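*Asks:* Protein chains in written order, with this note's numbering: chain A, 1 to 110; chain B, 1001 to 1118.
Quick caveat, the hints were computed from the structure, so don't treat them as lab data. Keep in mind it's a predicted model, so treat the numbers as computed, not measured. A couple of the hints might just be wrong.
Below, a list of computed lysine to aspartate or glutamate pairs in the EDC-like style, where the Cα atoms sit at most 16 Å apart [claimed, not checked]:
#1 B:Lys1023 x B:Glu1046
#2 A:Lys44 x A:Asp84
#3 B:Lys1013 x B:Asp1090
#4 A:Lys44 x B:Asp1106
#5 A:Lys55 x B:Asp1106
#6 B:Lys1012 x B:Asp1052
#7 A:Lys106 x A:Asp62
#8 A:Lys44 x A:Asp87
#9 B:Lys1043 x A:Asp84
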Amino acid sequence: QSALTQPRSVSGSPGQSVTISCTGTSSDVGGYNFVSWYQQHPGKAPELMIYDVTKRPSGVPDRFSGSKSGNTASLTISGLQADDEADYYCCSYAGSYNLIFGGGTKLTVL
Amino acid sequence: EVQLVQSGAEVKKPGESLRISCKGSGYSFTNYWISWMRQMPGKGLEWMGRIDPTDSYTYYSPSFQGHVSISADKSINTAYLQWSSLKASDTAMYYCARLRATFPADYWGQGTLVTVSS
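Construct the entire structure; sequences and hints are all you get.
*Replies:* Below you can see the structure in the form of C-alpha cells.
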C-alpha cells in the first residue's frame, strides 16, 4: 500500500495563500470523506488541523481549510504567518480499518 | 485536560525485546481507539495499527503485521507497543494518538525515541 502523494515542498510569503495537495485513489481519498491533515513543527508531535475533509478542531484558525475533489484532497492556508512554517501530512481512511498517510510537505514561509 | 504520556527514550541492541507505553488521562480511555505511528529519522509518518481499549481488538497495517504487537490495559488507561526482536531498522520516533470515530488523531503523545544499535 503506497503512501498518498504530496508535493515535497511548497512556499509562500507572509500574507499569501498556499495549497497543499494530497492524491490517492478511489480506495482511500476518493472513497471516503475521512481525510485529515496534521501540522508538525521540528522536534514536536503532530497536531490535527483538519478532519473529515473540511472540519476544523476547536482552536485551529479559520485560515486553515480543507477540500476534496475526486481522489485529491487539499489543504489551503491563507494569510500565511511565520509560525505556519512546518511539515504537513494528509491521512485518509483506506477501508478495513486501515489508515494511510501522505509523504509529507515542507512549507516554507519566505 | 486530555493527555497521552509516553514512556521515555530507549536504546537497545538488535535482537532485544522492548515494550513502550502510552498512558491516557483526562478522558474515558475506553471510549476512543489508540493508534501508533512510526516516524523514521528525517522521514514521514506511517500508521502502524490501532487498538480498542474496551476489548483489546487490534488492527495492524499490512506493513507492520507480524513485526510489532499492540496491547492495552484498560485498568490503568495504558496502551503498549511491543517488539520481540528489534532490528536496526526499528530506530525511529514512535507516537501514540487518540482516534476519534471518523479516524482523526486528535491528541498525540510526546513521542518515544527508540534507538537500536549494536
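*Asks:* Going through the earlier hints one by one, which of them does the structure break, listed in rising order?
*Replies:* 1, 6, 7, 9
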